[in-house]
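**Student:** Here is how the chains run, residue by residue.
Protein chains: 2
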Amino acid sequence: MTSPTTEPRARGAEPGVRGGMIGVRDGLATLGPDALALRTALDMRFETWGHRAGAHSVAYPPLLAVDDLAGVDYFANFPHLGLLASGLAPEAVEAGYPGEGPLDAVPAGRLGPARHVLPPAACYSAYFDLAGERLDGPQRITTIASCFRREPHLDGLRRLYGFSMREIVCVGGHDDVVDHLARLKHVVLEFAAELGLPLTVETAGDPFFDPDGARAVSQRLFPVKEEFVFDGTPAVASVNFHRNFFGERCDIRAADGEPAYTGCVAFGLERWISALGDHFGLDPAELTERIVDVP
Amino acid sequence: MTSPTTEPRARGAEPGVRGGMIGVRDGLATLGPDALALRTALDMRFETWGHRAGAHSVAYPPLLAVDDLAGVDYFANFPHLGLLASGLAPEAVEAGYPGEGPLDAVPAGRLGPARHVLPPAACYSAYFDLAGERLDGPQRITTIASCFRREPHLDGLRRLYGFSMREIVCVGGHDDVVDHLARLKHVVLEFAAELGLPLTVETAGDPFFDPDGARAVSQRLFPVKEEFVFDGTPAVASVNFHRNFFGERCDIRAADGEPAYTGCVAFGLERWISALGDHFGLDPAELTERIVDVP
Numbered sequence: 001m002t003s004p005t006t007e008p009r010a011r012g013a014e015p016g017v018r019g020g021m022i023g024v025r026d027g028l029a030t031l032g033p034d035a036l037a038l039r040t041a042l043d044m045r046f047e048t049w050g051h052r053a054g055a056h057s058v059a060y061p062p063l064l065a066v067d068d069l070a071g072v073d074y075f076a077n078f079p080h081l082g083l084l085a086s087g088l089a090p091e092a093v094e095a096g097y098p099g100e101g102p103l104d105a106v107p108a109g110r111l112g113p114a115r116h117v118l119p120p121a122a123c124y125s126a127y128f129d130l131a132g133e134r135l136d137g138p139q140r141i142t143t144i145a146s147c148f149r150r151e152p153h154l155d156g157l158r159r160l161y162g163f164s165m166r167e168i169v170c171v172g173g174h175d176d177v178v179d180h181l182a183r184l185k186h187v188v189l190e191f192a193a194e195l196g197l198p199l200t201v202e203t204a205g206d207p208f209f210d211p212d213g214a215r216a217v218s219q220r221l222f223p224v225k226e227e228f229v230f231d232g233t234p235a236v237a238s239v240n241f242h243r244n245f246f247g248e249r250c251d252i253r254a255a256d257g258e259p260a261y262t263g264c265v266a267f268g269l270e271r272w273i274s275a276l277g278d279h280f281g282l283d284p285a286e287l288t289e290r291i292v293d294v295p
Numbered sequence: 001m002t003s004p005t006t007e008p009r010a011r012g013a014e015p016g017v018r019g020g021m022i023g024v025r026d027g028l029a030t031l032g033p034d035a036l037a038l039r040t041a042l043d044m045r046f047e048t049w050g051h052r053a054g055a056h057s058v059a060y061p062p063l064l065a066v067d068d069l070a071g072v073d074y075f076a077n078f079p080h081l082g083l084l085a086s087g088l089a090p091e092a093v094e095a096g097y098p099g100e101g102p103l104d105a106v107p108a109g110r111l112g113p114a115r116h117v118l119p120p121a122a123c124y125s126a127y128f129d130l131a132g133e134r135l136d137g138p139q140r141i142t143t144i145a146s147c148f149r150r151e152p153h154l155d156g157l158r159r160l161y162g163f164s165m166r167e168i169v170c171v172g173g174h175d176d177v178v179d180h181l182a183r184l185k186h187v188v189l190e191f192a193a194e195l196g197l198p199l200t201v202e203t204a205g206d207p208f209f210d211p212d213g214a215r216a217v218s219q220r221l222f223p224v225k226e227e228f229v230f231d232g233t234p235a236v237a238s239v240n241f242h243r244n245f246f247g248e249r250c251d252i253r254a255a256d257g258e259p260a261y262t263g264c265v266a267f268g269l270e271r272w273i274s275a276l277g278d279h280f281g282l283d284p285a286e287l288t289e290r291i292v293d294v295p
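In order, the protein sequences belong to chains A and B.
The numbering used here applies: residue 1 is where the first sequence begins, and numbers increase by one.
The numbering used here applies: residue 1 is where the second sequence begins, and numbers increase by one.
Quick caveat, the hints were computed from the structure, so don't treat them as lab data.
Keep in mind that the hints are not guaranteed to be accurate.
Over 10 Å on every C-beta distance to chain A, these chain B residues come out as not near it, computed from the model [as the list claims (entries may be wrong)]:
(1) 45
(2) 48
(3) 52
(4) 60
(5) 73
(6) 83
(7) 202
(8) 204
(9) 225
(10) 256
(11) 282
(12) 285
Covered stretches of chain A (chain B as the covering partner; in silico rule of three or more C-beta atoms under 8 Å from a C-beta of chain B) [what the hints assert, rightly or not]:
(13) 31 to 45
(14) 78 to 88
Cβ coordinates follow ideal geometry from the N, Cα and C atoms, glycine included.
Let's have the full structure, built from the sequences with the hints guiding it.
**Tutor:** Next comes the structure, spelled out in structure tokens:
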């Protein structure tokens, strides 16, 4: 029952369930009733923005196939970040491993091959699901996923090992995607202003979509990634323009017959909880009221 | 972009997002907007039962620690079912593995040790979270989790590799738990009757909590596991009485100072979608209306 604790759990004096409880251990968060309600209120707000932008809500599988993710160079770009899923090797099971008794970790030698990956972001699934499609017009999708990254430095709710990401995705022609991103960027900034949460917009490169600089011209024409940053902490949201990278790799054709363009707006729900708590100094129940009150 | 397909995806003729879409591939489900809305409606109904029974909603981490799960003999009892999470070994990353190009699976030799497990059920986290606690009275908790089991035989939405489980848990004295389970069993049966979904209640042993038959007497006094079964398919819900197994293993003390008793009612959300679709022959949007209409 003992695990290395990277951060003391933020618990009250009383045992059991506490309303505002937020505990983080080993980069994994436990949210008590009020903190969970805040996360749900934030997510409902972001999902509604998706619906207003014409997106449909879809639930994708909680695991991705290794071959799908390899097909978009994920492992080549982020070999250290991916979290893979595998079972005990059949030989280990037959040999009676691990039996009873304490066990801190299963050594690689006892594992079978990993065919699945825990999602590093919510939007990949949308491109894999649309692979091979010939679209009549732009497809807009919103989805939420538990996402995982083996970040070398964890930092409370701001940088978790496992976290919740809501995305609003557009797959279509170049202008469809650029328009989708511009509109939602405006919505995010308007909401933050109304709420009184100071966010700065920072332009970031993304090595994933520009590994060799070959696309540097189009990156200057339209920033690849813009981040919404609170007080210098990791971005609470980002606007991502992938050009036709996923359209090409996943063979998705837009209405004009060309490889589709894709883009997404992504929200890190636990980072919003952290930023709101830090900025307003209120408990989760009070923050939920604030969120709900914004028109 | 190609994965072994165990079941054709149930897709319409049109590309893109379709309302009632339910696709299952490799034991993993994709739910289109209407099917997702049905899952949400079911989950809200079950969560509300939890609240009425005095439970608080808590979100637990999306991964469990290997040592926690080993501490309740999970691997000793179900070595073949667990899905473990690990990254690429540092040596593999340093050596430039896997680089670009197709990749169907990562061999065990390239993996690092696994310290986390994908949850096989939603309720374990509640016991691990309460480890070492001295309770003033019964704790009732409801939580939902993406759960994973390496089932040898997958079967559409009825038996998935990854699925959604809502649980309503009680941790306290013997009578608290027995009462919690009896009340919720009644609620489930009343709902199914009102809805017109024929469910049978089947008593099942659970080898997990009775590996050596030593507890056979108490199992006769109170069934360890009762399953709600639709038309001979895998149970859509179950009532589970663990006696004081988790209380002992996780050192949770009830108000009387003795190891706490625990029990849970569990709902497999995708199995409900499957059973409702099979029984009523309606599409997901129509089924959601049925669910919402039940008082």
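**Student:** Determine for every hint whether it applies to the structure shown.
**Tutor:** Results for each hint:
no. : hint     : result
1   : 45       : holds, 16 Å
2   : 48       : holds, 14 Å
3   : 52       : holds, 15 Å
4   : 60       : violated, 6 Å
5   : 73       : violated, 6 Å
6   : 83       : violated, 5 Å
7   : 202      : holds, 28 Å
8   : 204      : holds, 23 Å
9   : 225      : holds, 22 Å
10  : 256      : holds, 15 Å
11  : 282      : holds, 19 Å
12  : 285      : holds, 13 Å
13  : 31 to 45 : holds (count 7)
14  : 78 to 88 : holds (count 10)
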